[in-house]
Structures are given as C-alpha cells and as structure tokens.
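Spelled out, the chains give:
Number of protein chains: 2
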Amino acid sequence: MSDVLIVGSLALDSVTTPFGDREESWGGAALYSAAAASLLSPVHLVGVIGEDFPAAALEVLAARGVSLDGVQSVPGGKSFRWAGEYTYAMDAATTLDTQLNVFADFNPHVPTSARGAEFVFLANITPVLQLQVLDQMTSPRLVLCDTMNYWIENAREDLLRVLARVDGAAMNDAEVRQLTGTPNLCRAAAEILSLGPRFLLLKKGEYGASLITRQGHFALPSYPLPNVLDPTGAGDSFAGGFIGFLAWVGSTEEATLRQALAIGTVTASACVEAFSWDALLQLTDQDLYSRYEELREMVRLEPCPLANSG
Amino acid sequence: MSDVLIVGSLALDSVTTPFGDREESWGGAALYSAAAASLLSPVHLVGVIGEDFPAAALEVLAARGVSLDGVQSVPGGKSFRWAGEYTYAMDAATTLDTQLNVFADFNPHVPTSARGAEFVFLANITPVLQLQVLDQMTSPRLVLCDTMNYWIENAREDLLRVLARVDGAAMNDAEVRQLTGTPNLCRAAAEILSLGPRFLLLKKGEYGASLITRQGHFALPSYPLPNVLDPTGAGDSFAGGFIGFLAWVGSTEEATLRQALAIGTVTASACVEAFSWDALLQLTDQDLYSRYEELREMVRLEPCPLANSG
Numbered sequence: 340m341s342d343v344l345i346v347g348s349l350a351l352d353s354v355t356t357p358f359g360d361r362e363e364s365w366g367g368a369a370l371y372s373a374a375a376a377s378l379l380s381p382v383h384l385v386g387v388i389g390e391d392f393p394a395a396a397l398e399v400l401a402a403r404g405v406s407l408d409g410v411q412s413v414p415g416g417k418s419f420r421w422a423g424e425y426t427y428a429m430d431a432a433t434t435l436d437t438q439l440n441v442f443a444d445f446n447p448h449v450p451t452s453a454r455g456a457e458f459v460f461l462a463n464i465t466p467v468l469q470l471q472v473l474d475q476m477t478s479p480r481l482v483l484c485d486t487m488n489y490w491i492e493n494a495r496e497d498l499l500r501v502l503a504r505v506d507g508a509a510m511n512d513a514e515v516r517q518l519t520g521t522p523n524l525c526r527a528a529a530e531i532l533s534l535g536p537r538f539l540l541l542k543k544g545e546y547g548a549s550l551i552t553r554q555g556h557f558a559l560p561s562y563p564l565p566n567v568l569d570p571t572g573a574g575d576s577f578a579g580g581f582i583g584f585l586a587w588v589g590s591t592e593e594a595t596l597r598q599a600l601a602i603g604t605v606t607a608s609a610c611v612e613a614f615s616w617d618a619l620l621q622l623t624d625q626d627l628y629s630r631y632e633e634l635r636e637m638v639r640l641e642p643c644p645l646a647n648s649g
Numbered sequence: 340m341s342d343v344l345i346v347g348s349l350a351l352d353s354v355t356t357p358f359g360d361r362e363e364s365w366g367g368a369a370l371y372s373a374a375a376a377s378l379l380s381p382v383h384l385v386g387v388i389g390e391d392f393p394a395a396a397l398e399v400l401a402a403r404g405v406s407l408d409g410v411q412s413v414p415g416g417k418s419f420r421w422a423g424e425y426t427y428a429m430d431a432a433t434t435l436d437t438q439l440n441v442f443a444d445f446n447p448h449v450p451t452s453a454r455g456a457e458f459v460f461l462a463n464i465t466p467v468l469q470l471q472v473l474d475q476m477t478s479p480r481l482v483l484c485d486t487m488n489y490w491i492e493n494a495r496e497d498l499l500r501v502l503a504r505v506d507g508a509a510m511n512d513a514e515v516r517q518l519t520g521t522p523n524l525c526r527a528a529a530e531i532l533s534l535g536p537r538f539l540l541l542k543k544g545e546y547g548a549s550l551i552t553r554q555g556h557f558a559l560p561s562y563p564l565p566n567v568l569d570p571t572g573a574g575d576s577f578a579g580g581f582i583g584f585l586a587w588v589g590s591t592e593e594a595t596l597r598q599a600l601a602i603g604t605v606t607a608s609a610c611v612e613a614f615s616w617d618a619l620l621q622l623t624d625q626d627l628y629s630r631y632e633e634l635r636e637m638v639r640l641e642p643c644p645l646a647n648s649g
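Which chain is which? The protein sequence lines are G and W, in order. The letter at position 166 of the first sequence is residue 505 when you use my numbering, and the numbering goes up by one with no holes. The letter at position 62 of the second sequence is residue 401 when you use my numbering, and the numbering goes up by one with no holes.
Treat the hints as calculated values from the structure; they're not laboratory data.
Pairwise CB distance ranges (calculated):
#1 522/W x 452/G: 40 to 48 Å
#2 625/G x 566/W: 41 to 49 Å
#3 522/G x 493/W: 32 to 40 Å
#4 488/G x 403/W: 41 to 49 Å
#5 499/W x 359/G: 31 to 39 Å
Covered, in the sense of this in silico footprint (three residues per stretch, anywhere, with C-beta under 8 Å from a C-beta of chain G), are these stretches of chain W:
#6 426-436
#7 523-531
#8 543-550
#9 555-562
#10 565-572
#11 589-599
#12 615-628
Using N, Cα and C, we set each Cβ at its ideal position, and we do this for glycine too.
Could you put together the complete structure from these sequences and hints?
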C-alpha cells in the first residue's frame, strides 16, 4: 500500500436542491477526495482553512488516518465558501456565490513526511498552486489533476504546464471541449492526451465515466440510484476513490486503472445519496465490493455470435 | 432466422449540419431501420409514399431482401418531408419543417404474407397507427416501439395503450422523463416498465444506450467516432440493428437482448459517419463483428480485488 497526497479546497458549502438545502456544510474538493481515498490508503492532505473551519470535520478526517500536517490554519482568517443550486435534473450546479477568503493568499507547503507520496491528486485549484505542489514532491509514480472552466479560460498557459507534467487528467466533457476547441469528444480526448497525460478520466455525470488512453477507450455507466440528494463532491469522490484504489494496489497498469475507475464510480455513487459527505463516510469496503460487482454485471456482454471472416 | 416487420415513415429529409447539408435525401424511420435490420434478417416494410418518392431508394431496399408489399404509393400524393438542423454538438436536431403529406391519411395495411412476422418494430408514428398494425399481426414473439415528445404530449392515452401491448420501448432520456414526469432516470425507467414493456432501450446518443429490465441494468457506451457527419437516423438504425439481430438469433432472452443492443450500437455508429444512409449501406457482417468486439473490449473489467466479507 502506498501513500496518497491530495491538495485542494476545504470549504463551507451552501447547497440548494429540490430536495432540501444545507447552510455551510463541510465540503471542498480536498475534503471529499481525502475522505474517499482514505477508505483504502493513507492520505496526506494539503490545504488551507480559516479560524471558522469546524474542528469536528478535521477530526473525522484524522480518524480515517488522514494526515493533516499540510493543512494551514490562518489566524483570524475566514474559510473558503461556495454556494450553489441544483435543479431536478441534478446534473450541473449553478454557482450562486464564491468567497475565496484564505484561499486567495494560499501557498501550499508539502510537509517533509508527505513529499515521498507515490500517488498525487491535484484537486481543482489554480494551476499555479498545482505546479507549486508538484515541485515539492520527490518522485511521484502517478499524478492526477482536476481543473474547471474558470482556469481553462483564465489560466490557460499554467494549466497547459500542469497537463504536461501529470499522468492523468480528470475532466468533464464540457471542459474537454472548451480546452481543445474541438466539439467531437473522441478527437478532443486525443488532443488532451497530446498535451501530456497518458490517460484522461472523462466524467459524464449520470452517464458514467470513461478512461481514454492512447491504446483505447474504457467506459462504465454510473451506478443506478433511485435517490440522488446532492451531487456536490461527486467528481472529487470519484477522483479520490480512483487514486486511493491505485495506491492500495500499488500499480498503474491499464487493467488497474479500469478497476480504479469502477471504484471511483462506486465511491461517487455513495457521495450523492445524501447531503455533504454524510453517505460517503458510511461507505465500507464491502459496499465497494458489492457495487463494483454490480457494475461489472451491468456491462457483461457475451461474444459476438456473427462469424469473423476478417 | 425469423422475419421482421417494420412500420414507419419513408421520407425526404433536408438536413443541415456544420459539415454540410443535403436536400431531400432518402430518409425516414422505416427506411433507416429496414436498411439496418435487413443486414441480418428478412424484413417486411409497411409505409406510405407519394409519387415523388425515388424508385431508386426502394430498389436499394428490395436488393437487400426487404419486402415492399406493404408500402402504399398514393397516386398524385407528395411524400412525407422533414427538415432539420444540427449544431457542432451533434446531439439533438432542431426541426425546421415537417410536412405530413401522404402520411396524414395513412392507414397501414399489413400484407397477409407479413402478418406472421415474429419480430416487430413500430417506428415513430402516431400511436393509433402503431395499434392498427399490432391488430393485424398474428402472434409476434417480440414487439419494440419507438415514440417521440409530440405523441407523449398530444396522444398520451393512445401511447399508453401501445406501451401496454409491446415487449420493449426505445426512448431517449428526455422522453422517459417527459412521459413519467419523474426527473430521476432510474425511477422513471422503472415507471415505464410498470406501464407494460418488459424492457426499456434507453437511447443516450453519444453516451451510448442502456437496456433496463425488471432484473437490472445493462449499459454500453457509443462506439467512439472521430468523425460524425449526420446523426439523422441513428436511433432508427439502432432499433433496426437491434430487432434484426434478435430475429437472426431467434431468441428473446436477456443475454441476447444485450448482444442485440451491442449490434444496434454498432449499426448506429455506421449510420452517423455519412449523410443519409450512405455509410449504413456499406456496413458488412464483418464490420458488425469487429466493432462489436471492440465495444466488448471497451467494457472489459477484471473482478474486484477487495475482499468480499458479505
């Protein structure tokens, strides 16, 4: 089992959905992905919080074996805040408010004990900070990065520098199209790979996710859920489950990447079943196993019975 | 090998895409689905055309073994026309014009020789006509129906009568949500099954397709294509390939339905690679085999390596 390093936001989220709302609940990309990855592997967290960040949230992470040595607490500072709203389709959030607060002056510092982590997830923060973290790592075996439309538009050159240095990128289809300017997803994905990463994790929300490499495509549907309460953190739980599994296996082969995508899919399915990380925290190894095998059954296909004349 | 009966539109389509346009090319749901199904099984076509419908299109179908005894030609009549436009996303067409013409007074008549067909595809026409065709069939083993938003809104009661009598329904996610009034796709699909069909073919365009039964879900991604020229007819090619394969195998078991979904996916992939049915007509058994096996490789997943403690 290897260590995972995660850098990203720790936030207070205010979320409105047709099924209810939550004020200032515990959130942020790093919180979700660390909670997800820590189910399988030791996690080092790098981030920044204000004085107002609830100690209880950090205690939950610590109890899951997450090292918080890299989490800076700014005296007198206010934590990052995000407010968003979902419609019935539960696909994309409309951002109502973003307050950077302590995030505005964040300089990530990776503790010495965490610099040797072999698996790294650069969650969605400004690409310059993602590069600063990479510069502090000794020799990671696999680095995965996330990003968003804002950085594609406003920090394109830095983002391209990140992509040139990572092994994998996690993006949704709109981001892939926006970054490349190519409407056809198949071609756009190939263009992303030409920028550096050897694999693209294409996040398609309720339609599942794909793993695209130079060798080919792998795709899984999402785990079918009759009740989706809050999609916040789904992509981060997906990435956290993905990288946590890779570290647990200690492999970066394509067959393992495929399995990791399934684990990420299952992890994300738990995340969206309740507000904040409430359901994610309840997820067990046995749940991962059961839902993984259900997903595998969902794509079981017998060979083609037509004659192969080629 | 069993026979397939298909009823639906034969049309002259005017299509505009970012990659070019075509005026009054051969189209219609029945044309696409009959061309697709005839690759594997004998097809009986029921439809209506005006005097202006090109004989050459019918000759192509006849050369593929499609029986045209059920195609009524209205003296002095004008054929059904549709005009639509696609943007770069190539997902949904915007309808620019619809002219029912001879379709307005269509009374489908199933020739005696076709009434025993065991596999039936009721393509997208008014539900009353779908019911009229069903009334003329002897004892089909499997009936699949298509529909559209217009009938869901304007012929809901008739459509529910159709659904109560078919084995499967082919619908996209917007139609499933519209018919049930349920935003969650997993629950909406279950509600469709409660209306009668034992399976739902959920068409998700570039995201692939799912087969949903009371026993579970099966899902495949779309076949990755770097060049999509014209999506017109994709759903009908999908359904035609699906039903043609079932008739070829002569089975309606779930494992066969899964294989049929893969064949339908591959058939649709050929359809969208060129305007009208140009690429679809070039599709061979060997192409079906090769792309099917590529799809199967795309969803290959090793067992979960976590311990099963349950």
